[in-house]
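Add chain F to chain G, keeping to what the hints say.
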Amino acid sequence: MLSNPIILNAFRFILLVLAQVLLFNHLNFLNFINPLVYVLFFYWYPIRENRAAFLLIGFLLGLVIDLFSDTLALHTVACVTLAYVRPIIMRFCFGANFDFQNFTFKNSTRVQRMTFLLLLIIVQHTLYYSLEILSLSHFVLILKKILFTSILTFVICVLLSSLFAIENE
Amino acid sequence: MQRIINFILRYRTTFLYGFLLFISLVFTIRSHSFHQSKYFNSSRWLSGSIYNTTTGITSYFNLNEENKRLADENEKLRSLLFNQAEDTLAAQYPRTDFDVIQAKITKNSYASPRNYITINKGSKDGLAQDMGVITTKGILGIVENTSSNYATVQSILNTKSNINAKIKHTNYFGSLIWDANRYDVVQLIDIPRLVPVTVGDTIVTGAMSSIFPENIPIGVIRKYGLNEAQSFYNIDIQLFNDMANLKQIYVIKNRNRPELLELEKRTADAQ
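Chains as they are written, first to last, in the working numbering: chain G, 270 to 438; chain F, 126 to 396.
Chain G extracted, bound-state conformation (with noise of 0.2 angstroms):
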């Protein structure tokens, strides 16, 4: 069943949903780090994608998770903008092997995944935690959460996804 790319993208959604919403965004680690975990739909998703299609599931992930946590479009815009810019990533990470038809994430290097993982959560901060507060009088807050929580996020997002690792993707 979990060969069928459809089914089993539309199973890592709902389950990456309640992940973040009913574990993650209330794990307050030192009282402010909720990790974003669901970065991990971006990574997993299918190389040769429809981008259109990528585009409106990613604006539906964000629209799902903000009803939950009650930040209306936050994690929206963060979505859209990385299912936009996941190509781009990609090919700064994967350099001249991307553009190859047989290219998959099995014939890259570790160090080359980490990067790829590294710069997906880094937009995915910066957005988040910019627009959450959008004040420039709390410069060093914004900065202090982006730094933190991408750390806890970049570590709990390579547990999960050796934990999970498909063989025959």
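None of these hints come from the bench; they were simulated from the model. A couple of the hints might just be wrong.
To be verified - Keeping only pairs whose Cα atoms sit at most 27 angstroms apart, straight-line, the calculated BS3-like set for lysine-lysine is:
| hint | chain 1 | residue 1 | chain 2 | residue 2 |
| --- | --- | --- | --- | --- |
| 1 | F | 163 | F | 249 |
| 2 | F | 262 | F | 193 |
| 3 | F | 285 | F | 372 |
| 4 | G | 413 | F | 348 |
| 5 | G | 413 | F | 285 |
| 6 | F | 163 | F | 372 |
Just chain F, lined up with the frame of chain G:
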């Protein structure tokens, strides 16, 4: 014409991205200055019932602590009751301006600059926008949106929150706001310079609001200083409530509020 269509087709993902980004930015910027969206919030049926289910499971873990808190409150209320003179005027004609509705928190949040709390009572139980919400220890927030079974509460830990508060046993009042830095500290502004202020003074809700009754505890003064204009105090208040650990809450309904609002509106219209 052909070239325009070709141009649009070529950059269709960029246009789609721009369109989706525009929608979400409009929502975001609205949420900074206006009320929470009426349709997209966690009091809706789906999110409300999912949060309610998970709370049903996790609420067993802190039953002990919750029981102790309620027993402490009962003890306090009973001692008040036993020490009350039987035939005072107040006992014969109790004031019934305020109704109290108890509810439980199903989703709490305190790490973001605009925190909303979801509770398990809604318009079916008589809740409506702009009712005060308190806990046994002090003030918590104001009801923002209701669905039939759930409601969202704008926490005092919200940069949009602005509540009338005063120093206990005086009539000097100011506005209670939050600067988004610490979840256990809020700020009281607009207290004039001539007021004697001391660290440790208790802050309670003021009488200027139609939402909260007077004298609901908020917190104690932690430190204070003058603002840029040197004419008003900026006071940091340590909250009585532990905002990270909340369960049982009470919603306060002011029966006279519609009358009061109507009167205020008539006065404003007449001018």
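* Are the Cα atoms of residue 163 (chain F) and residue 372 (chain F) separated by 27 angstroms or less? -> Between residue 163 (chain F) and residue 372 (chain F) the Cα gap is close to 25 angstroms, so the pair holds against 27 angstroms.
* Under the criterion that the straight-line Cα-Cα distance not exceed 27 angstroms, is the pair residue 163 (chain F), residue 249 (chain F) satisfied? -> holds, 17 angstroms
* Asked: Under the criterion that the straight-line Cα-Cα distance not exceed 27 angstroms, is the pair residue 262 (chain F), residue 193 (chain F) satisfied?
  -> Measuring from Cα to Cα gives roughly 13 angstroms; hence the hint holds.
* Asked: Within a Cα-Cα threshold of 27 angstroms, do residue 413 (chain G) and residue 285 (chain F) meet the stated pairing?
  -> Holds: residue 413 (chain G) and residue 285 (chain F) sit about 22 angstroms apart, inside 27 angstroms.
* Asked: Given the hint that residue 285 (chain F) pairs with residue 372 (chain F), does the C-alpha gap stay at or below 27 angstroms?
  -> Distance ~23 angstroms between residue 285 (chain F) and residue 372 (chain F) Cα, so the pair holds.
* Does the alpha-carbon distance linking residue 413 (chain G) and residue 348 (chain F) stay inside the 27 angstroms limit? -> The hint holds at about 24 angstroms.
Checked against the numbered hints given earlier, this structure breaks none of them.
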